[in-house]
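> Chain by chain, the residues run as shown.
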Amino acid sequence: MSASYQPVLWNRQKKIYDRIIALFVLLYLSLFISLTSFINPEVTQETLIIRSTATLALLMLHIILMIGPLARLNTAFLPLLYNRRHLGVTMFFVAAVHGTFSIIQFHALGNINPILSLFLSNTHYESLSKFPFEIFGFFALIILFLMAITSHDFWLHNLGPRTWKTLHMMVYAAYGLIIFHVMLGVIQYETSPVLTFLIGAGMITIITLHIVAGYREHKRDVLEQSKNLEGFQKACAVSVIPENRAKVMTFGSERIAIFKYNNKISAISNVCKHQNGPLGEGKIIDGCITCPWHGYQYFPHNGSSPPPFKERVATFDVKIVDGEVWINPVGYPEGTECKPAVCS
Amino acid sequence: MIKPLRKYHYLIWWLLAILLPIAFVAAIALRPPLPMTKNAGERAFTANIAPGTDSTFVVTITVGRPINVPSCVAILSLPQKEIVLGILNRQGRYSFIVPSFDDAGTLNLVDAIHQKTIANIPLSKSNNAQ
Chain A
22 MSASYQPVLW NRQKKIYDRI IALFVLLYLS LFISLTSFIN PEVTQETLII
72 RSTATLALLM LHIILMIGPL ARLNTAFLPL LYNRRHLGVT MFFVAAVHGT
122 FSIIQFHALG NINPILSLFL SNTHYESLSK FPFEIFGFFA LIILFLMAIT
172 SHDFWLHNLG PRTWKTLHMM VYAAYGLIIF HVMLGVIQYE TSPVLTFLIG
222 AGMITIITLH IVAGYREHKR DVLEQSKNLE GFQKACAVSV IPENRAKVMT
272 FGSERIAIFK YNNKISAISN VCKHQNGPLG EGKIIDGCIT CPWHGYQYFP
322 HNGSSPPPFK ERVATFDVKI VDGEVWINPV GYPEGTECKP AVCS
Chain B
6 MIKPLRKYHY LIWWLLAILL PIAFVAAIAL RPPLPMTKNA GERAFTANIA
56 PGTDSTFVVT ITVGRPINVP SCVAILSLPQ KEIVLGILNR QGRYSFIVPS
106 FDDAGTLNLV DAIHQKTIAN IPLSKSNNAQ
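These protein sequence lines map, in sequence, to chains A and B. Numbers given in the working numbering equal positions in the first sequence, counted from 1, plus 21. Numbers given in the working numbering equal positions in the second sequence, counted from 1, plus 5.
Hints are not guaranteed to be accurate.
Said to hold, decoys possible - Only some residues are given here: those of chain B computed to face chain A with a beta carbon under 10 Å:
1) ARG11
2) ILE17
3) PHE29
4) ALA124
Don't read these hints as lab results, they were simulated from the structure. Each residue gets a CB set at the ideal place from its N, CA and C atoms; glycine is no exception.
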């Protein structure tokens, strides 16, 4: 959370996260290159770089795509989400090394532009097994590039969370393109079934996680709130809300986080202004609701970030009747003071 | 995420859940058959020499296994001279016409890039084989 832009707002957690990423990348590349050189001593250095970075980028992309749904299904995975963008940018750099070396190795020695050669050297567009698979990788790399250069709060702020999130959801298209790139490329000539099995297992795992997490969210979204009392809708019993935590309820088109703290109940929008993180899955720290994704904070009674920060979310009227929390789903403008309901 | 994005997210993954497995299976099912890389029953190279015209012979070389070196040059080595016959690219039968000669010769197959001898096959006009 910051009031001004800095290249990276370092803290202890981010440093630990990045050290683990760097260690993982170095360890993987060292192991891959050592083992491949031992098994196949005739392999060239260029081939080693192309293959090691290809497999590493693919593995990192699988990890990145699993973090989101895992964090939705189990909060124990939330720490992985905290600095996921650094993992994503690292993955782009690894993929870019693979792409650059592949273009140099296979397309830079002719008499036409290497990028043009990528599209013209193989024109078997009618054949599945001979399809110019490199094109899929090229477009996937373009998407990853766009994501990497906009992976900063400057772009998040200027594009707006919705546009930014939509742009970054293109990673799913990139994943599809990369699966095509691998399946129509190396798998067509691979004699060992190991790589095919790993790609298939990774694909099934990622799809299953996203469908299961998506289904859970979808079920919550379609829950009907039937009871209505003078514009207020029944939410839940006070007793089901843990202290300094929230119960998230869906009213109409959006979710509201109902927090209990200091014998009081307040309700704010569940959507964090930073990256649309789920505020209701965070907790109250130092009197502020703290987003579980990146630690953005808001006061529960007015939805405003503590000074000097300027983020604000909508607040909602709350009342308690017979131990039940009732919410007026028509929210106040962002940052509006709203009197908390007092628990009896 | 806000509700519309959650909805798109859910739909995108259902779409990928249908498309990607289909592409995965199709890519495996339509793989071209892998070329045979071993033919244990065949000898790598056999050579044969037979009279052509009054002043020539025909050297026939049969490559029985895939050539696994980047360059394979056939050279007929005679006591007086060496005659470069040509390049052997792949499995198959190759014929080269050479001027007639009196003595026995040797067919040398050389990897010209790495400067290594691949095979030496003695040739004589009466009995010619590897």
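> Now tell me, hint by hint, if it's right for this structure.
Outcome of the hint check:
1. Below 10 Å, beta-carbon pairs count as interface contacts, and B/ARG11 has one with chain A at about 5 Å; its hint therefore holds.
2. For B/ILE17, the shortest C-beta to C-beta distance to chain A is roughly 5 Å, which falls under 10 Å, so the interface hint holds.
3. Taking 10 Å as the C-beta contact cut-off toward chain A, the hint placing B/PHE29 at the interface holds, the least distance being around 6 Å.
4. For B/ALA124, the suggested interface contact is broken, since its CB lies about 21 Å from the closest CB of chain A, more than 10 Å.
When the structure is compared with the earlier hints, a violation turns up for hint 4 alone.
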